[in-house]
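Participant: Sequence:
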Amino acid sequence: MAYADVYASWQNDPEGFWMEQAKAIDWFSPPTRALDDSKAPLYHWFADAQVNTCYNAVDRHVAAGRGDQVAIIYDSPITGTKSKTTYAELQDQVASLAGALRDKGITKGDRVIIYMPMVTEALVAMLACARLGAIHSVVFGGFAANELAVRIDDATPKAIIAASCGLEPGRIVAYKPLIDGAIEQASHKPDFTIILQREQHPCDLIDGRDHDWHAAQEGVTPADCVPVAGDHPAYILYTSGTTGAPKGVVRPTAGHLVALNWTMKAIYNVDPGDVFWAASDVGWVVGHSYICYAPLIHGNTTVVFEGKPIGTPDAGTFWRVIEEYQVRSFFTAPTAFRAIKREDPTGAMIKDYDISCLRALFLAGERADPDTIEWAQRVMNVPVYDHWWQTETGYTIAGNPAGIEALPVKIGSPTVAMPGYDVQILDEGGNQMQPGELGAIAVKLPLPPGTLPTLWNAEDRFVKSYLTTYPGYYETGDAGMIDEDGYLYIMARTDDVINVAGHRLSTGAMEEVLAGHPDVGECAVIGVTDALKGQLPMGFICLNKGCDRPHEEIVAEVIKSVRDTIGPVAAFKLVAVVDRLPKTRSGKILRATMVKIADGADFKMPATIDDPAILDEIRQALKPLGYAAG
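Residue numbering for the sequence shown follows the UniProt record's numbering, starting at 1 and increasing by one per position.
Worth flagging that the hints you see were computed from the coordinates, not collected in a lab.
The beta carbon of each residue, even a glycine, is placed where N, CA and C say it ideally should be.
Some hints here could point you the wrong way.
[Said to hold, decoys possible] Here are the in silico distance ranges between beta carbons for each label pair:
id : residue 1 : residue 2 : range
1  : D153      : G567      : 41 to 51 Å
2  : P408      : Q432      : 20 to 30 Å
3  : D92       : T346      : 38 to 48 Å
4  : D427      : F603      : 36 to 46 Å
5  : E428      : E405      : 33 to 43 Å
6  : T221      : I172      : 27 to 37 Å
7  : S29       : I172      : 20 to 30 Å
8  : K623      : I172      : 32 to 42 Å
9  : G208      : D92       : 51 to 61 Å
10 : D153      : E459      : 11 to 21 Å
11 : A64       : D13       : 25 to 35 Å
12 : D212      : G109      : 21 to 31 Å
[Stated by the list, open to error] Distance condition first, Cα-Cα at most 25 Å in a straight line; then the derived BS3-like pairs of lysine-lysine:
id : residue 1 : residue 2
13 : K545      : K308
14 : K308      : K84
15 : K573      : K596
16 : K464      : K560
17 : K545      : K588
18 : K560      : K545
19 : K623      : K444
20 : K623      : K573
21 : K464      : K604
22 : K596      : K533
Starting from the given sequences, assemble the full structure and let the hints guide the process.
Facilitator: Listed below in structure tokens is the structure:
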């Protein structure tokens, strides 16, 4: 079937479509119906089923005779270690850890915080919780103690599973002092912790509360998989909220299984046994969906990579991993490729590797600017597919369904809506807009299986945040347009559509122009307050390695390019050259924080920031432009 036929089959019979996909999952008790809409606009999928995530991700592959297949490849250029874990070995490790958790009192519905670096044991911990029906909440390893404390108080976990340290290029991040500090700050106190001691930085354990990973498992009886209801929460994943308080996105078990399994072939075009690599972190939704769960549910081999796109040891590390493990589909963030492109502008390093095994590159997490996509296409010689989704949805809203039908790529568009998503562009009054018009991107309810049914202990906040602005729709918070062919364009967060003298302009469109300059490796555009025009666009550019041209020449050229492409209406004349941009650890540029610095407004240090020192560099770069006074 072609994409249009598959999408139409979902439109014509949404429940039938998802019940058909549910046949690929192993159930203790299969669902009798797909959708429960009795509490609309709060929807639940496969609620009457009984199922277990860990069984579907691990045990069923062993039972099917595929226990010798490699499930997880671990590769750490930082430590110089590599390992492979088969499905049978993974089953033993997960059942053993689950047994230790069970013996210490963890049961179905209990919460467990996981605070781990990119090691195989992070996936083992997630799966061990799922095995017992416990609800895990992975917190990015190295998060500050106060941010971890906030999550402890919200999730009220019975246990924390952690490592003694995480590793960054050139430094060790000690986790134990952060955990101790968080528990001390938090009102809620976990019963116990389990700590994986890493040889790079072992830690002291507190008697009675802290337990060694290996010692805790000695002599335990392995745990069996515990059936849970289809709408039982698989996990809570905290995402930053506009109020500064984190939002606990809830992931429902059955819909998660059904939807993720479907995406592996339909979107990423891999078959069971193929190696799939998502270069992300387990602390982010990409790590949950496409390092841990989807590849294992589908019977793929997944790669756990403890390294960076550059500096571990160089800009060729991605090519080395793809060649060494015969990766078929590769998924990462555009910011990773911008870093590689800035370090190796001609792509010379790829010539040292054979990546002919690779079918496609998939990008998500930040807007994929055309220049980065074109560079990747040229250097890698494979299709490059941008796709768009959110922590809240857990998988693709709009993408190119390569396993159904590889649609023509329109650079700048993540292509088309996937089955399950009726994506529409709305004006401020909630009316549908015409093709090509910029507006708010919303999804008609109900959302498909596996998407968030609510926020943890915050149903009112869920309704207010996502379902109130446009009744009958899920508000994505993104702005964009749909063209005559149904291709979606994500232009900016709704907050990043700026109003210059009454004209609504997309900062993303300006970023595309800046990124197209041959000397610009990375860029961002924000809207800053202006007494005359309301807002003015301000650009930040990072230059490619080896660029020795005068900065003022490049600034003049990019200003002219924006004026020529967008028009004088953009009033684009403010540009700062900076060494780097402030980002989250997952690579998202902290534009909202940059706006507050430029406007001299108070702001809370983002919990997810990669390096707080960058904010001072931004402040200094803004002063010559007349912003960030003081």
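Participant: If a hint holds in the structure, say so; if it does not, say that too.
Facilitator: Consistency of the hints with the structure:
no.	hint	in the structure
1	D153 x G567: 41 to 51 Å	holds (50 Å)
2	P408 x Q432: 20 to 30 Å	holds (25 Å)
3	D92 x T346: 38 to 48 Å	holds (47 Å)
4	D427 x F603: 36 to 46 Å	violated (30 Å)
5	E428 x E405: 33 to 43 Å	holds (36 Å)
6	T221 x I172: 27 to 37 Å	holds (36 Å)
7	S29 x I172: 20 to 30 Å	violated (47 Å)
8	K623 x I172: 32 to 42 Å	holds (35 Å)
9	G208 x D92: 51 to 61 Å	violated (28 Å)
10	D153 x E459: 11 to 21 Å	holds (18 Å)
11	A64 x D13: 25 to 35 Å	holds (30 Å)
12	D212 x G109: 21 to 31 Å	holds (26 Å)
13	K545 x K308	holds (17 Å)
14	K308 x K84	holds (20 Å)
15	K573 x K596	holds (19 Å)
16	K464 x K560	violated (42 Å)
17	K545 x K588	holds (21 Å)
18	K560 x K545	holds (23 Å)
19	K623 x K444	violated (44 Å)
20	K623 x K573	holds (15 Å)
21	K464 x K604	holds (23 Å)
22	K596 x K533	holds (18 Å)
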